[in-house]
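Colleague: Below, each chain spelled out in residue letters.
2 protein chains.
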Amino acid sequence: MSMKYLTAKLAQQIDEELMNQAGAFSIDQLMELAGLACAQALARVYDKKRYPNVLVCCGPGNQGGDGLVAARHLGMFGYTPTIFMPKPGSKDIYQPMRQYEDQDYPPSNDTSALRDALSSSNVILDAIFGFSFKGPIRSPFDSALPLLSGSRLPIVSVDIPSGWDVEEGNVEGVGLQPDVLVSLTAPKLGVRSFNGRHFLGGRFIPKTLEEKFELNLPEYPGSDQILELKE
Amino acid sequence: MSMKYLTAKLAQQIDEELMNQAGAFSIDQLMELAGLACAQALARVYDKKRYPNVLVCCGPGNQGGDGLVAARHLGMFGYTPTIFMPKPGSKDIYQPMRQYEDQDYPPSNDTSALRDALSSSNVILDAIFGFSFKGPIRSPFDSALPLLSGSRLPIVSVDIPSGWDVEEGNVEGVGLQPDVLVSLTAPKLGVRSFNGRHFLGGRFIPKTLEEKFELNLPEYPGSDQILELKE
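As you go down the protein sequences, you meet chains U and V in turn. Here numbering that gives the first Met the number 0 is used: the first residue of the first sequence is 0, the next is one more, and so on. Here numbering that gives the first Met the number 0 is used: the first residue of the second sequence is 0, the next is one more, and so on.
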């Protein structure tokens, strides 16, 4: 039995069950483990000596929260994270970076600031859009995405590369082209054809939930929080 | 400069700064990372094939919460955790095990149940007393600790072996004798003479806090959440 690729609806349903039914994880718990997995996957591929400066791009939702937790962990690992977060979020998800260096990150949609940040970055962590993304890409992201792509920096995308349809993939051709993908809990339908390095993270799905949705997740090695998927 | 061993007061102060000042971590975030570190340290030493059954002993405070998070992670790693929790806690810290197998763990002070659990366990995770422990050992733990010691099972203690004075160590001689110790954030004064395998976990102290308290923490390897201390 092969691993299941999730529809947007099923991804949403699993998220809700994790937070409302199967033992009620708090969003802090899920985000902590998801963000840690993203940071560890980036660190596995991009050594901090050669790629010390990470531009962490965050959307206004939970995906952006994962990115901020990842940024804090990357800081703990010895990287220098810079946050690009052009749109404010509605919840407490912007706390994690303050935890790292006691500093606020006011949302900024300053294109020239983004250009500057890109010019001093070695790798991008893309945590802009997640599995609840529905196109088209709206402002301010419509101007940011081409800049990220144009930078030619390596990109690590979280869950679904920003700009891709969650189920159809990069059909519009306007999405980012990541080198590395970190699928959280299980990969989404839209990334079936992704052929870069592909990691699984979010090792928190209870067995009951995995069986209920027939996810057929592969076995993580030892006590690792990430697992690299091979063809 | 060598690593600082913490007084009970300083450990308390660091905890408070983490939760109230330095970016205000939530208790869920701290517990998730602490519990993960404990589970990973146990897994590093006790292979799940030879030591599949872990008796996780939890106190009523935050230390017990770390133990429950560790139990959930141990379950994810493929161990079979059993919880011994004789005294109810006051907060939400008992959620994590429900997250693992959708099951409640009513506090039980049933000595024969503990004997049974011990007879089918391969290793003990001791998360009973933490850095806020002040002796003497009271009921129901005064009867539980001798049973744990008498089992001759290997013991992994979290932060401070249960029954030890946080600053003076096992001065009363009534504490557990762990084979493995996981110190969270930084070791406490009482474990200076501990000579088993000693891990550091809780990789979340911001640089500013580390410097303020002159902790001189050693550098964790790569993106690991635990670090083994060597003499």
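Some clues are possibly wrong.
The list makes no distinction among identical chains, and a pair is therefore deemed to hold if it is satisfied within one copy or across any two copies.
Claimed, not checked - Below, a list of computed lysine-lysine pairs in the DSS-like style, where the Cα atoms sit at most 27 Å apart:
no., residue 1, residue 2
1, Lys3, Lys86
2, Lys8, Lys48
3, Lys48, Lys206
4, Lys229, Lys47
5, Lys47, Lys211
6, Lys133, Lys206
7, Lys47, Lys206
8, Lys133, Lys47
9, Lys229, Lys211
10, Lys211, Lys8
11, Lys229, Lys3
12, Lys86, Lys48
13, Lys229, Lys206
14, Lys47, Lys8
15, Lys3, Lys133
16, Lys86, Lys211
17, Lys8, Lys229
18, Lys48, Lys133
19, Lys206, Lys3
Hints were generated in silico from the structure; no laboratory data involved.
Colleague: So, for every hint listed, does it hold in this structure?
Modeller: These are the hints, each one checked on the structure:
In this assembly of identical chains, the alpha carbons of Lys3 and Lys86 never lie at most 27 Å apart, being 33 Å within a copy and 42 Å across copies at closest. For the homomeric pair Lys8 and Lys48, neither the shortest alpha-carbon distance inside one copy (40 Å) nor that between copies (38 Å) is at most 27 Å. Proximity of Lys48 and Lys206 under a CA criterion of 27 Å is satisfied inter-copy only: 19 Å between copies versus 39 Å inside one chain copy. For the homomeric pair Lys229 and Lys47, the shortest alpha-carbon distances inside one copy (24 Å) and between copies (25 Å) are both at most 27 Å.
Taking the shortest alpha-carbon separations for Lys47 and Lys211, only the inter-copy value of 26 Å comes in at or below 27 Å, while the best intra-copy value is 40 Å. Proximity of Lys133 and Lys206 under a CA criterion of 27 Å is satisfied in neither setting, with 30 Å inside one chain copy and 39 Å between copies. In this homomeric assembly, Lys47 and Lys206 come within 27 Å of each other (Cα to Cα) only across copies, at 18 Å, whereas the closest approach inside a single copy is 35 Å. Taking the shortest alpha-carbon separations for Lys133 and Lys47, neither the intra-copy value of 34 Å nor the inter-copy value of 43 Å comes in at or below 27 Å.
Taking the shortest Cα distances, Lys229 and Lys211 sit within 27 Å of each other inside one copy (25 Å), while across copies they are farther apart (45 Å). For the identical chains of this complex, Lys211 and Lys8 are intra-copy neighbours only, at 15 Å inside a copy versus 48 Å across copies, given an alpha-carbon limit of 27 Å. In the homo-oligomer, the alpha carbons of Lys229 and Lys3 lie at most 27 Å apart inside one protomer (15 Å), although the nearest pairing across protomers, at 44 Å, exceeds that limit. Taking the closest pair of Cα atoms, Lys86 and Lys48 never come within 27 Å of each other, the shortest separation being 31 Å inside a single copy and 49 Å across copies.
With identical chains, the CA atoms of Lys229 and Lys206 are at most 27 Å apart within one copy only, with a shortest distance of 23 Å there and 37 Å across copies. For the homomeric pair Lys47 and Lys8, neither the shortest alpha-carbon distance inside one copy (37 Å) nor that between copies (36 Å) is at most 27 Å. In this assembly of identical chains, the alpha carbons of Lys3 and Lys133 lie at most 27 Å apart only when taken from the same copy (21 Å versus 51 Å across copies). In this assembly of identical chains, the alpha carbons of Lys86 and Lys211 never lie at most 27 Å apart, being 36 Å within a copy and 34 Å across copies at closest.
Taking the shortest alpha-carbon separations for Lys8 and Lys229, only the intra-copy value of 26 Å comes in at or below 27 Å, while the best inter-copy value is 49 Å. Proximity of Lys48 and Lys133 under a CA criterion of 27 Å is satisfied in neither setting, with 37 Å inside one chain copy and 45 Å between copies. Proximity of Lys206 and Lys3 under a CA criterion of 27 Å is satisfied intra-copy only: 15 Å inside one chain copy versus 41 Å between copies.
Checked against the numbered hints given earlier, this structure breaks hints 1, 2, 6, 8, 12, 14, 16 and 18; the rest are met.
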